[in-house]
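Visitor: Work out the full structure: start from the sequences and follow the hints.
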Amino acid sequence: SQQGEEDPQALSIQEGENATMNCSYKTSINNLQWYRQNSGRGLVHLILIRSNEREKHSGRLRVTLDTSKKSSSLLITASRAADTASYFCATDGSDDYKLSFGAGTTVTVRA
Amino acid sequence: DTAVSQTPKYLVTQMGNDKSIKCEQNLGHDTMYWYKQDSKKFLKIMFSYNNKELIINETVPNRFSPKSPDKAHLNLHINSLELGDSAVYFCASSQDSRGGYTFGSGTRLTVV
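Here the protein sequences come in this chain order: A and B.
Everything in the first sequence is counted per my numbering, starting at 1 for the first residue and increasing by one.
Everything in the second sequence is counted per my numbering, starting at 1 for the first residue and increasing by one.
Heads up, none of these hints are tricks.
Think about it this way: if two alpha-carbon atoms lie no more than 30 Å apart in a straight line, the pair counts; the simulated DSSO-like pairs of lysine-lysine are:
1. K22(B) <-> K44(B)
2. K41(B) <-> K56(A)
3. K40(B) <-> K98(A)
4. K70(A) <-> K36(B)
If you want a taste of the chain A side facing chain B, the calculated C-beta under 10 Å gives, among others:
5. Q33
6. G40
7. R41
8. V44
9. H45
10. I47
11. S86
12. F101
13. G102
14. A103
15. G104
Rather than coming from a laboratory, the hints here were simulated on the basis of the structure.
Bear in mind that the values here come from a model prediction, so they are computed numbers and not experimental data.
All C-beta atoms, glycine included, are put in the ideal place defined by N, C-alpha and C.
Guide: What follows is the structure, encoded as structure tokens:
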């Protein structure tokens, strides 16, 4: 079974708008990571947030982590057509050494 | 230079055949992985090697056998291919098991 679940499954926004997607997970984690996958390509690591961090920024990306609710969010500000992709959260469990992925959120940015 | 490269990119083969997918990383990472992504985009880990030693072996049919000749290479051999093996297989590497992963571009396997 998947550790993380993203919400929504799909998101369509206008260029320039912000996109927010959420991730919920089940077990305690060491860190949580977000990845982007363009159609037909491999996954690209975007950002890693450790379990003792609450917020992290990288360019137009903002990630929050709430370990009490076992949830994270990824915000993409001022979206561009090039942001069209699937976004996955992945959790690195405290008890194991593997990265478990959610099902992803497909984001479409309309020009 | 490609950081994690896998070959071939596409593989179409008949049921019952044996095939291999190769993966190489030039990042100097200690840990390498194989993931399977199905048609619904679910990504599931299959194997992980740390410095040539197997550290993760998920519930995968024993028709799948990974081989790591050195820490820069992790190949995947699949025997007696079945229709259900059709998927995209991704190789990845990381400096350690707690950091970000670098993925290859994937091998789309189609079993007919």
